[in-house]
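Asks: Turn these sequences into a full structure, and let the hints steer you where they fit.
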Amino acid sequence: MLGRTSCIALLAWALQQPAQAATLGPVDANTTLWRLALAARPDEQVTMPQVIYALWQHNPAAFRDQNLHYLLKGAQLKVPSREQMLATPAEQAHQWYYGELAKQQLPTRLAAAQPAKSESVATAPESEAVVAVPQPIRPAAQPAKPVATTPRPAPSPAVTPAQAPQVASSTSRLQQELGFEQRFFASRGLAAAERSQQLLSYRALWSYEDASRKHQLNLEPYLRWHRADSDSNLVDLQQAYWRYIGDGWEFKAGIDTLFWGVTESQHLVDVLNQSDLVAGVELEAKLGQPMLQLRRSGTAGTLDLFVLPYFRERLFPSPQGRLSPPLPVNHDLAWYESSSGKHNLDFALRYSQRFAGLDLGLSFFSGNNREPVLVPTANAGLRPLYYQMEQYGLDLSWVQGDWLWKLESIYRRSGPFDYVAATGGFEYTRVGVFGQSWDLGWIAEYQYDSRGKAATLPGQNDLFFGWRLALNDIAGTEFLFGVLQDLDQRQSRSIKLEGALRLTDSLRLSLNGWLFQSNNPQDALFWLRRDDYLALQLTYFF
Amino acid sequence: MLVRQQQNTADTPRQSDRFGIASGWLLVASLLCMPLAQADAEKGLAIATEQKARDRGWGDSESELQMVLRTAQGRESVRRMRTLALEVQGDGDKSLTIFDEPLDVRGSAFLTHSHPTAEDDQWLYLPSVKRTRRIASRNKSGPFMASEFAYEDMTSFELEKFSFNYLRDEPCAELTCYVVEQTPTDSFSGYSKILVWVDQQHYRVMRAEYYDKKQSLLKILELSDYRQYLDKFWRAHKLSMQNQQTGKSTDLLLESIRFNTGRSAADFDVAALERAR
Chain A
171 MLGRTSCIAL LAWALQQPAQ AATLGPVDAN TTLWRLALAA RPDEQVTMPQ VIYALWQHNP
231 AAFRDQNLHY LLKGAQLKVP SREQMLATPA EQAHQWYYGE LAKQQLPTRL AAAQPAKSES
291 VATAPESEAV VAVPQPIRPA AQPAKPVATT PRPAPSPAVT PAQAPQVASS TSRLQQELGF
351 EQRFFASRGL AAAERSQQLL SYRALWSYED ASRKHQLNLE PYLRWHRADS DSNLVDLQQA
411 YWRYIGDGWE FKAGIDTLFW GVTESQHLVD VLNQSDLVAG VELEAKLGQP MLQLRRSGTA
471 GTLDLFVLPY FRERLFPSPQ GRLSPPLPVN HDLAWYESSS GKHNLDFALR YSQRFAGLDL
531 GLSFFSGNNR EPVLVPTANA GLRPLYYQME QYGLDLSWVQ GDWLWKLESI YRRSGPFDYV
591 AATGGFEYTR VGVFGQSWDL GWIAEYQYDS RGKAATLPGQ NDLFFGWRLA LNDIAGTEFL
651 FGVLQDLDQR QSRSIKLEGA LRLTDSLRLS LNGWLFQSNN PQDALFWLRR DDYLALQLTY
711 FF
Chain B
-11 MLVRQQQNTA DTPRQSDRFG IASGWLLVAS LLCMPLAQAD AEKGLAIATE QKARDRGWGD
49 SESELQMVLR TAQGRESVRR MRTLALEVQG DGDKSLTIFD EPLDVRGSAF LTHSHPTAED
109 DQWLYLPSVK RTRRIASRNK SGPFMASEFA YEDMTSFELE KFSFNYLRDE PCAELTCYVV
169 EQTPTDSFSG YSKILVWVDQ QHYRVMRAEY YDKKQSLLKI LELSDYRQYL DKFWRAHKLS
229 MQNQQTGKST DLLLESIRFN TGRSAADFDV AALERAR
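From first to last, the protein sequence lines are chains A and B.
Counting in our numbering, the first sequence runs from 171 upward without gaps.
Counting in our numbering, the second sequence runs from -11 upward without gaps.
In short, the hints are calculated from the structure, not lab data.
Built from N, CA and C at the ideal position, the CB exists for glycine as well.
Take these hints with a grain of salt, some might be off.
[Stated by the list, open to error] Just the calculated beta-carbon pair ranges, DEER-fashion:
# : chain 1 : residue 1 : chain 2 : residue 2 : range
1 : A       : Pro212    : B       : His225    : 28 to 36 Å
2 : A       : Tyr598    : B       : Lys31     : 40 to 48 Å
3 : B       : Thr59     : A       : Pro196    : 18 to 26 Å
Replies: In structure tokens, the structure reads:
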């Protein structure tokens, strides 16, 4: 009896031995190269293209004119060893194989390259799809002497081409949506504005991807019209860019809208794009940002570098458009700390990585602060001051069973401010509540800002509680109810309600309501205290 | 246990008594047969192993799917999506589903990295807010797109997810099937067991019966229109799931599938989710 070590040694030795020169064939009318390769494949470490490449390389006599797609009837194929198969890197073999397949789809080129042979008129599939053909790798010096000296068998009728997977062609998609929003305000507010307000919006998204899937174009125009407030009107490009996707890297040039971060009640680390205040006080809607983006991704994570050559000013509704600062903002008076103003070259960096249930993001931003400081002017207006800003950000989400833990934190230096802020909490989801197939999520987040009451945003020492209910029905009904309570000022809180359901396959009804309560003029919420509203929005998708 | 379950589902007390007695005998009979269980578990595992082995090596695929949801009253609504899938050696498969219809969820992308024993990693990208969210995925019993398919029905078949028990041979259509009982090892599964009919020639699943946690029959899945790809892999083009308790049903139709589309792990990275179109 052999000991364990000798067993292993024997096994290792056996594995190192080149496989016996097995043969496959003879090729008959039912044989395809793929089928032969399946039989020849030693294990799953070897990819199918590697097997096919090795078969092709070591059996030149089995193919007519070394054409991968024409196996000769009656041919016997020698099965190369596992090492021979692995000699060509998987990536190269893959490129070669799909290059060959793509070539087959170009019948004209094939015909031109081939000497006319009576019986060998290939049944190359008619295809108009023009496919980017990766340069096929030439086989390294013809190996295996015996093969080279083997006399070629007499030409015999070509057999069915290898089963060719379809090759992708370019794709483009267009989607559009038209929205009508009716907002009902509880009172006429501080500016004695209209209680009923209407907005119309249009959005289109056109995307294109070429056949190689390396080039992408995206175009997303967004238009908005407010019946009573021209300051709330908007013509924007949310996306308008070209992206090149390389192997482990990516480049993008143009306008894009990106979101960073994980928390629900506040978005601290998310600073690339300017916020679109008119679309909602949540600050989740944004304006498109011109950028160059370079991405490197691999097992060590994803690194994004951004160069942002142009700055978008924050747009505010006028007091007539509601949900606005108390005075109109005069954009003509905008002041920039940077001498280049809007053309300051902003720079950002983000690194993200995943560790099992943990998603980590680290970010850095340097450039014009997206959030202006508003100072009153002599003629009852507000002047926006755009300071330079440096921000270091961290975002984390960690999934643990039904619990999703979230944290966002920033350190920001900008003009008069030098502070730390954080939002952290959890979302706990229960599936199948109330004996239904409903999902109920409990959200709790704490908001901190080291500036305390001097903070420019409501969340300086606040607690957010929310409930998210998804009915999982055909209408896709869902609700979100949340309360943000200030812990320093008991009278300061905001309450929101969101809901949506599908009326038809192309019509969605959504509801959005806010209550603002505050009695302290220092509080960011104070100016919204008369703007409680409920909005109904109908969106038609086509 | 068995007796109580029958009583719950029976229409009248009288009937339930009869059923109660009958199933009581069944219980005794099955107890007597216990010594056979060991061999049946081995055979069950062997069948499942072969089933898995025959589906190994497909690499990657790209498919177009249509889902027809039907209420008990017969009202239909249609969902369309595309799924990219990547076979991963030594771990669960990865899949990326992009929704096309209904139009209000168009462009949403759902990414799953499944794992045989650990919880799956899942993310959802919502184009309206251009945001990727991680999804807590321990409980997979929830409905997928409001259909009769649960999330757990849509994930890759892994041996580690079940314990197996071969029950019997049974004719299924013109074929002969093994009937295998699969018991989920994950306590968060919505099922107590699944009975699966696997055809003896090609090891294709032809039918499955899902039992809820109370041991009652919940859903019946029938798979048909099998077609073979790459000379090896069989794919059903029609999967009909019938909910026996609510009368609702869902047909999942595989409209097209292509293999070896050249996708790699990079296409299934979270960072790549936002570029799915």
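Asks: For a quick check of understanding: which of the numbered hints are violated here, in increasing order?
Replies: Violated hint (a single one): 3; every other hint is consistent with the structure.
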